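*Asks:* If you read the sequences in order, they're chains A, B and C. Numbering-wise, our numbering puts 232 at position 232 of the first sequence, and it's gapless, one number per residue. Numbering-wise, our numbering puts 59 at position 59 of the second sequence, and it's gapless, one number per residue. Numbering-wise, our numbering puts 280 at position 280 of the third sequence, and it's gapless, one number per residue.
Think of the hints as simulated: they come from the structure by calculation, not from any bench. These numbers were taken from a predicted model, which means no experiment stands behind them. Ideal Cβ placement from N, Cα and C applies to all residues, glycine included. There could be a bad hint or two in this list.
[What the hints assert, rightly or not] Here's a subset of chain C near chain B, in silico, CB distances under 7 Å, partners left out:
hint, residue
1, Thr-199
2, Leu-202
3, Phe-205
4, Thr-206
5, Ala-214
6, Gly-217
7, Arg-223
8, Arg-224
9, Met-225
10, Gly-226
11, Arg-256
12, Gly-284
13, Thr-287
[Said to hold, decoys possible] Covered stretches of chain B, going by a simulated chain A footprint (3 or more residues, C-beta under 8 Å):
hint, region
14, 185 to 198
15, 281 to 288
16, 331 to 339
17, 369 to 382
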Amino acid sequence: MLRTLRAVLARNPNNAILLAFLVATFLVLSFLMPGKFLSLRNFQSMGSQISEFGLLSLAMMLTMLTGGIDLSIVAIANLSGILAALCMKRLIASGVWPAESLLVVAVAVAVALGVSLLCGWVNGLLIARVGVSPIIATLGGAALYEGIGIIVTSSRGIVGFPDRFAFLGNGFLSIFPMPFAIFAVATAIFALAINKTRFGQTVRMIGANPIAARFSGLNIPRTLTRVYAFSGLLAGISSVIMMSRSNSAKSGYGSSYVLLSILIAVLGGVNPAGGFGTTTGLVMGIFVLQFLSSGFNIMAFSPFTQNVIRGTLLLAVMIVGYLLERRAGRVRRGHGRAPARVNEAGEGAPPPAGATPPAAAS
Amino acid sequence: MTATVAVPSLLEARAISKAYQGVEALSDVSLVIRRGEIHALVGENGSGKSTLIKIIAGVVEPDSGEIMFDGRRRNEGLDALGAIRAGIQVIYQDLSLLPNLTVAENVALPQVVEKGRKLINWASMRRVAETELRSIHADIDLDAVVEDLPVSSRQLVAIARALTQGAKLIIMDEPTTALTKPEVDALVVVIENLRARDISTLFVSHKLDEVLRISDRVTVIRDGKPVGVFAGRELTTSELEAHMTGRPVVRQRFETTAQASGSPLLELRGLTRQGHFADVSFKLWRGEILGITGLLGSGRTELALSIFGMNPADSGEVLLDGRPVTIRSTEDAVRCRVAYLPEDRVLQGLFQSKSIGENVVVTVLDELRGALRLISSSKARATVDRWVDQLRIKTASSALPVTSLSGGNQQKVVISKWLAIQPQLFILDNPTVGIDVASKAYIHQIVRDLARSEMGVILISDEIAEVLGNCNRVLVMREGRIVREVRSSEIIEEELYGFVSGNAS
Amino acid sequence: MVSSAATRARPSLVRRVVRRNEFYLFLFFVAFCALVQGVSSTFLSLENLFDVTRTSAGFAILAVGVLVVLLSGGIDVSFFAIAISAQYGAVKLLLALGISNLAMAFLVSCGIGLALGAVNGLLISAFRLPTLITTLGTQTVFHGLLLTVLGSRAINSSDLPHCFLSFSTANVFTVARPDGPPLGLSVFVPITVAVYLLTWLLIRFTKLGRGTLAIGGNIESARRMGFNVPLIQISIYSYVGLLAGVMGVINVALIRYVTPTTLVGSELDVIAAVVLGGARITGGRGTILGTVLGVAIFEVLQTSLVLLGLSSFWQRAFVGLIIIVGMSITAYQTKVRNARNLVFRLE
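Same shape as in the complex, but just chain A (with noise of 0.2 Å):
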């Protein structure tokens, strides 16, 4: 019984750490500036901007499962609210429809949809049926999609949108910011899906071993496009807030999302190589960085100021990461954690390295 406590434990001792870090956060922030801190209008304000990232995150969350990345979920979701945002406008200049009516905002989110979508899409079939790595089928669609956008924008942002839009990134809920809203009912369909799923379950699987995956008659290239794809409405859903929010739509907004989302995905607990990390993981994660942000601004540090810190901080969380591994006697390969290995002579630990033999059954 303890065993078994104690393996479970152990397979998330990263969530009980990050709770306590976001705990300490809490109270110090609390501390340091209670009046502005501890307001009101202060969590409306992070819980508005919590969403932009947060869903990007996700995103980020999805595609790392399987031991892939995304890293063209900012030019995503710029091209979709571009896409959205031209729509919007022809539409309204028609004269079709009234510029207030429900019916343009609805069109605007279905093409902000449908274009991430499409996208993520895009980025699945090259990654799942043509055989290119993420890291360079992400990084040319990014290239390509924020090339679109370029073009489409003619490098100049799209301005101004109808207030019944403007609801969906500054409107409220009761007391609840409609973004958060829309983030919080994001982030519970996502952790049912990953946890409670068959698609959930065969994207852990694909990325804790995707051979294994293969032969155990998992359904690789459709899961995998499904993956981007999902990475891509996760961002194009980011893009209508955004859009909402800065009430314009333009290339190249948001670049430091792509660095952010990953940290947050690596303090989360998500594990780069695949198989491993939990939607409760990421979200502290994400709540993490917003009341991080949120200090660092009440602080008038500057933006430069903040990327540094995040950047050391993405650093320092990999570290210690490998460091734990260490102690636990699991270093890694190369290929992410390497379980704790009890072979049948009950070697424990590792044999150093310098003529370390591969790992064989005897």
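Given the coordinates of chain A, work out where chains B and C should sit on it, guided by the hints.
*Replies:* Relative to chain A, chains B and C alone:
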């Protein structure tokens, strides 16, 4: 310098003991290898072979005992580099080559590194490589990139590399697993040539017939304890096996009650895949265990993978229950309830980092769905518990990582994952490689029970004894074709071995 | 006599050339140049050649650095951040000391670059961190630090130390023209050639160089063979940093302007060129010649955009498309080949 009396023994490891966390891996084991000798180390999985090798190579320190090499006592403490300098070279199963570099570099670089040189002299590297390769009569293009070479050539490169560092003893771990028969013969020539040069070879192998054919002497260990040292030519494989397992070898035959009538479960007609197998046709009835055997390169695994959907054939038909089926992916296979137990349990069969439970249910995720088409954890647990129980998988909890299990229990996990889909056809590819004796027998039992439960079973194996003991019919494949079909009740081991190796017609 | 499949005598020179990837790259390059020349006859002119080689020198220098990292199985996206930091640091220092000395500029810039690159190398080797995410982190940190500490103000050409300006216009030789000022082959070009030559020598003739390839092939085997993996990794990333320092100085001279907000963000372009040239993203494979061709093709593709009448807005999309199409072809070939041979590989 005093004239040294020629010490007959190159390596003398005496009274070696090693325990891990209270479990004895080796207990008072000795191994003596003479100069210019081909020596085999044999033992069932879990016998302590690999631990002994690691100790000799200086990677692991023994708890007690001493090692003399080349007349000198080996130092205390881990000294892998010292072992290399003394002349002990280990060639692991993965060969540890650099796939993207040329043959010449792979052979000569370790020596360059060892000498501490900073600059590369290509001419001298080529000379070194050429010399060593020629010394073992290997004619391989020096500029060929290693990853483009077949395994047999890569092995020769590994051996040549070992020689560049003045090896006096070359230890090979399962050297013939991935070799075809002619390649094995070629390797034997090389090893014998080394022997003529006073370089000894110690090889670990589970292929008993090869062991006896090739080696001068064989050391057998069992459960970490020494059994004895025997002359290769004085043993039969049955005797050797008896020494390894400690039990007299009982040859059983599998009797099936299946009638070869009515519609066969599986029928192959003229199945062909260019370069892999050609014109394969046979029938399999429910309740049968059909063995397919043949040397590496005979196409048996390729054929199995084809039936399983990983290697779709170019032409020919596959019929299940009389109806033609198209299986072009493993997903199709699972839908047709065709199961395949892969040869490489570690990489292909298991999700190493995942729990036992997750490994078991991965094939039946669909069926675990409950309300709202979401996976019900209670259903999952029930399924996992059922199989852990049924196959007697020894574990404290199914939430533990699958790597916490022994090899035999891991194989049971892979089997249970396939039994979960309630297959009608189960193909097992070398299911008992690297498994301890007890689990091996248990897995054979499982296989027989499967057949008795109206499943059709195909058992692919290298081991003639395993095939004859567990199958009612055996197909022999050679170079992609079925060359022989025999009833196991009507043939003896030596005959079948003859068909397989092509010595008999 | 034991033979193997690769036993035959070395194939003829012609066969060996044809089998290599670079041959097809070269053909493509030639074909595309011909195509562009057909559309716009000013393409293959001496003026254009001198111009392109001058403006792409910095890019080419970084490309060879990226090649070295890719060969080792890693990826580095921090080189522009390093280049900008090194460049800014050198200019600021020269201005502060009131010196106008090109050698000093190079020294400082390369020194900063080397140090920053070494940080990358240390992190990756000491903690066995994944290279992409690590260099993403250091890119952010380096760039952020630069902007925070040294400020984000640009430095105009009028404020630059004179050495940069004279470096900018320095030529190796000039060719007189009847209808205009003489054309000059910029000094940047021999520097680039020297860098390529040096890199080639290092990779081919030093233990470090072969070790780089060894790590990219199989890091564990390389370790077992006795290669000092941490040392090699630190050297690789330091070298990239050094090259970034060189590029930084050239870049200042080229655009006569120092602003910390350029370059960072276009790392993909350099990586794309190297990957187009045949270097494998998984490591272990790639050639100097391939990189030369990759850079050449990339530059030609970019310039052709303008000549074909497409605005610069199309650039980014074009780059993306090139990468996708180019990589799809190689990836699909590998995929089909692996499926045929029943090769199962973990990435």
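*Asks:* Are the hints correct? Go through all of them and say.
*Replies:* Do the hints match the structure? See the list:
no.	hint	verdict
1	Thr-199	violated, 15 Å
2	Leu-202	violated, 10 Å
3	Phe-205	holds, 5 Å
4	Thr-206	holds, 6 Å
5	Ala-214	holds, 5 Å
6	Gly-217	holds, 4 Å
7	Arg-223	violated, 10 Å
8	Arg-224	holds, 5 Å
9	Met-225	holds, 5 Å
10	Gly-226	holds, 4 Å
11	Arg-256	violated, 41 Å
12	Gly-284	holds, 3 Å
13	Thr-287	violated, 12 Å
14	185 to 198	violated (count 0)
15	281 to 288	violated (count 0)
16	331 to 339	holds (count 3)
17	369 to 382	holds (count 4)
When held up to the earlier numbered hints, the structure conflicts with 1, 2, 7, 11, 13, 14 and 15 and fits the remainder.
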